Structures are given as structure tokens and as C-alpha cells.
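K.L.:
In UniProt numbering, the protein residues as written are 1 to 394.
Hints were generated in silico from the structure; no laboratory data involved.
Any given hint could turn out to be false.
[Said to hold, decoys possible] Okay, derived cross-link-like pairs now, SDA-like style, lysine to any residue, Cα gap no bigger than 20 angstroms in a straight line:
hint, residue 1, residue 2
1, 266, 298
2, 378, 10
3, 204, 185
4, 279, 248
5, 262, 239
Owing to the predicted nature of the structure, the values given are computational and were not obtained by experimental measurement.
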Amino acid sequence: MRAVVYLISDGVIPSNIGRGYVVRRLIRRVVRTGRLIGMRGDGHENSEGAFLPSLAETVISLSSEIDPDVESRRKSILGELQREELRFVQTLGRGEKLLDELLDEALGSAGDIGDKPCLSGKDVFLLYDTYGFPIEITAEIASERGVTIDMKGFDIEMENQRKQSQAAHNVIKLSVGNETEIIKSIPDTEFLGYESLFATAVVKGILINGNPVENVSEGTDVEILLDRTPFYAESGGQVGDNGFLYVYGEEGGKQNAVIEIKDVQKSLGNIFVHKGTIKQGSVEVGKKIDAAVDGKLRQGAKAHHTATHLLQSALKSVIGSETSQAGSLVAFDRLRFDFSFHRPLTEKELLEIESLVNQWISDATHLETNVMALQDAKNAGATAMFGEKYGEQV
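Produce the entire structure from the sequences given, and follow the hints as far as they go.
P.N.:
Structure follows, in C-alpha cells:
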């Protein structure tokens with residue numbers, strides 16, 4: 001229960017994917033175990049009631065001196081636990097009834113695995129996918145009645161579902177080959193993009209389809225590795241910069257090459273990978289280049305980045321601190337802000353949020369940038385997104 005309280009306090013909301021599903025599984029296991037020993041409601045709205053808030057109250061009280069943030073989020077933690085418990089209880093009865101029927105059928109047959117009756121992987125997946133039964137609960141109930149479960153069949157069903165579903169997160173996948181080795185041999189890229197949109201750098205590596213090459217010519221799609229760069233690499237939901245790399249002849253002579261950069265990603269920590277196309281000429285490892293970021297596009301990303309902070313602040317002002325950021329997309333021409341909340345927003349709330357954001361924009365408040373230790377930023381009121389990795393200085 002302590003783990004659940006701390007996870008929800010850190011903004012991990014029960015869901016069907018990623019860390020949210022870990023919380024959901026923990027909660028549902030506690031609910032079923034508690035109900036088996038007769039635990040029921042403690043005066044909450046449902047006639048059956050919810051007992052998790054009472055357990056959480058104890059955890060919060062014991063933790064308040066160690067972690068004041070947990071105490072400050074007491075209301076949202078208790079509300080989330082109550083909603084999740086009551087939601088699960090609604091399907092628990094139907095799911096248990098179906099499971100009993102399936103177990104009766106399994107006991108009436110010889111089973112396909114070992115000497116024991118077996119619940120098919122398809123049935124286990126049905127309970128998981130339709131009724132929200134974590135595999136551990138199904139296995140536990142089946143074991144109580146002397147029935148095994150077909151884990152291999154369940155894994156096949158899960159894999160089929162994964163293939164049909166769009167990936168929840170975009171993972172940077174660099175091509176197979178010698179790419180990892182060459183990137184490992186290169187020092188971290190020095191990022192200059194907060195001070196300038198232009199820099200002179202040295203080409204430290206060139207990759208084509210994941211394979212290192214010494215030089216490349218016009219018309220080729222490439223990945224360029226530099227020792228320093230003004231280009232922002234995609235992170236924190238903000239897209240990587242666009243722009244150009246220029247290669248000149250000796251002593252600043254005639255332009256030898258132009259590389260259009262359409263994306264910048266990070267690899268192996270802090271190596272910036274500039275992805276683009278050779279538009280003119282050729283480039284080789286060791287050459288000096290001029291790197292120029294498209295300032296207009298960067299400005300669009302900056303505006304949308306700031307807008308996500310305004311939107312988050314407006315959300316918390318209108319619907320309270322229960323909401324937490326779940327992700328974002330900060331592009332040159334648009335933004336998307338993902339947040340967790342237990343219900344849809346009303347039309348009135350949407351209008352209030354929109355009005356607040358527009359008011360703050362029209363106020364044209366002067367912004368100041370301060371770099372400080374992560375903990376100092378939190379103490380000053382900065383909001384950190386759970387799961388996001390931050391450096392020592394933010």
C-alpha cells in the first residue's frame with residue numbers, strides 16, 4: 001500500500017499501460033485480498049464502500065514528516081484510490097463469475113498441460129483484457145482450485161495485441177551495424193543552443209544506415225555527429241531543431257557542401273545525432289562546418305514550450321492539484337499536452353482554462369531564466385514530471 005501511495009503522489013495514475021498499469025495491478029491485488037478477509041467500506045459514497053482510503057490515510061500520516069509532498073496531496077491520493085477501487089469492484093463480480101465458470105469447465109476436462117486441468121491462454125487473456133484481471137490474480141484464484149494456466153498461450157495473445165496496437169512511446173532506434181561502437185568512441189556533444197543559433201564545429205562521425213563512413217556525397221541521407229552544436233536534440237516532448245550545416249573550402253573559401261538537417265536526436269546519453277540530407281557537395285570526417293539553426297522554427301517551439309507551462313498552471317488553477325502532466329508534444333507549429341484526471345473537463349472548465357492562458361499571454365509578462373540545483377528548483381515551486389530524467393542543474 002505504501003508503494004501505491006507514493007506512486008500516486010508522484011503523479012503515476014492507474015491505467016492500462018506502462019507504470020500506470022503497475023499501480024493498477026498493485027491496487028487490484030490489495031482490493032481482492034482485502035475483500036477475501038471481509039474488508040469493506042468505511043463510510044464512502046458507495047453502499048459497498050471503499051476501504052483503500054482508510055489504509056492510505058495511515059500510510060500518509062506515517063509518512064507526512066518524512067515526505068511533506070505526500071501530505072499535501074492527501075486529497076488527490078485518497079480520491080484516486082477510491083475511484084480505482086470502486087471501478088474495479090464493479091467488474092470484479094462479473095469477472096469472478098466468468099472465471100468460476102471457466103474453471104469449472106477446465107476441471108471437467110483433462111487439460112492440455114501436465115496432469116492438472118488447465119485454463120487456456122485465450123481465456124486468461126479475456127479476463128485480463130475485458131475484465132481487468134491481472135494475470136497474477138487469475139493465477140492465484142486458479143491455483144486455489146487446483147487449475148494451472150497456459151502462460152505460453154497468454155503470451156501469444158498478448159503479443160498479437162501488441163502487434164495490433166500503436167506503440168505507446170517513440171523509442172529512438174538507431175540502425176543495426178557498427179553505429180553503437182562509433183558513437184561510444186565519441187565524447188558527449190557540447191550543446192550551445194541556449195546561447196546561440198550558430199556555431200562552428202568539427203565533424204566527428206558520419207553514418208549511413210547505421211554504418212560509419214569517412215565521407216559522403218550529394219543526395220545521401222546521413223547522420224552527422226559533431227563535437228559541438230547549436231541544434232536542440234529532441235527531449236522533454238520538444239522536437240529537435242531544423243537547419244543547415246555548411247562546409248567551406250580552405251580558409252573560408254567556396255562553399256563545398258550543404259546538409260539540410262530535419263531532425264536531431266540523442267544517443268547513448270548525450271551524443272547529438274543530426275539527421276539530414278546532403279543537398280550539395282560532399283562532407284568528410286574531420287572537416288570544420290558551420291551549423292545554423294532555423295531561428296523561426298526554434299521560436300515556434302519556444303512559444304509552444306512556454307504555452308505548455310501556462311496550460312499546466314491553468315489546469316491546476318481551475319481543477320486543482322489532482323491533475324498531473326502525463327506527457328507533451330512541443331512542435332514548431334503546434335503543441336499537445338497530456339494530463340491525467342479522473343473525469344472529462346466540463347465546458348465551463350475548458351472556457352476558464354482558455355481564458356486564463358489567453359490572459360497570461362496578453363499580459364506579456366517578462367520571463368527570467370535561472371539555472372539552479374534540481375532540489376532548489378523544487379523548493380522554489382517548480383513542477384517536475386514523474387518519470388522524466390533531470391540533470392543536477394535545471
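K.L.:
Compare the structure with each hint and give your call.
P.N.:
Each hint, compared with the structure:
1. For a cut-off of 20 angstroms, the pair hint linking residue 266 to residue 298 stands: about 18 angstroms separates their Cα positions.
2. At most 20 angstroms may separate the alpha-carbon atoms for a hinted pair to count; residue 378 and residue 10 meet this at roughly 13 angstroms.
3. Of the pairs offered as hints, the one joining residue 204 and residue 185 holds, with about 10 angstroms between alpha carbons and a cut-off of 20 angstroms not exceeded.
4. Distance restraint check for residue 279 and residue 248: the Cα-Cα separation of roughly 14 angstroms lies within the 20 angstroms cut-off, and the hinted pair is therefore satisfied.
5. Distance check on the hinted pair: residue 262 and residue 239 sit about 10 angstroms apart at the alpha-carbon level, within 20 angstroms; holds.
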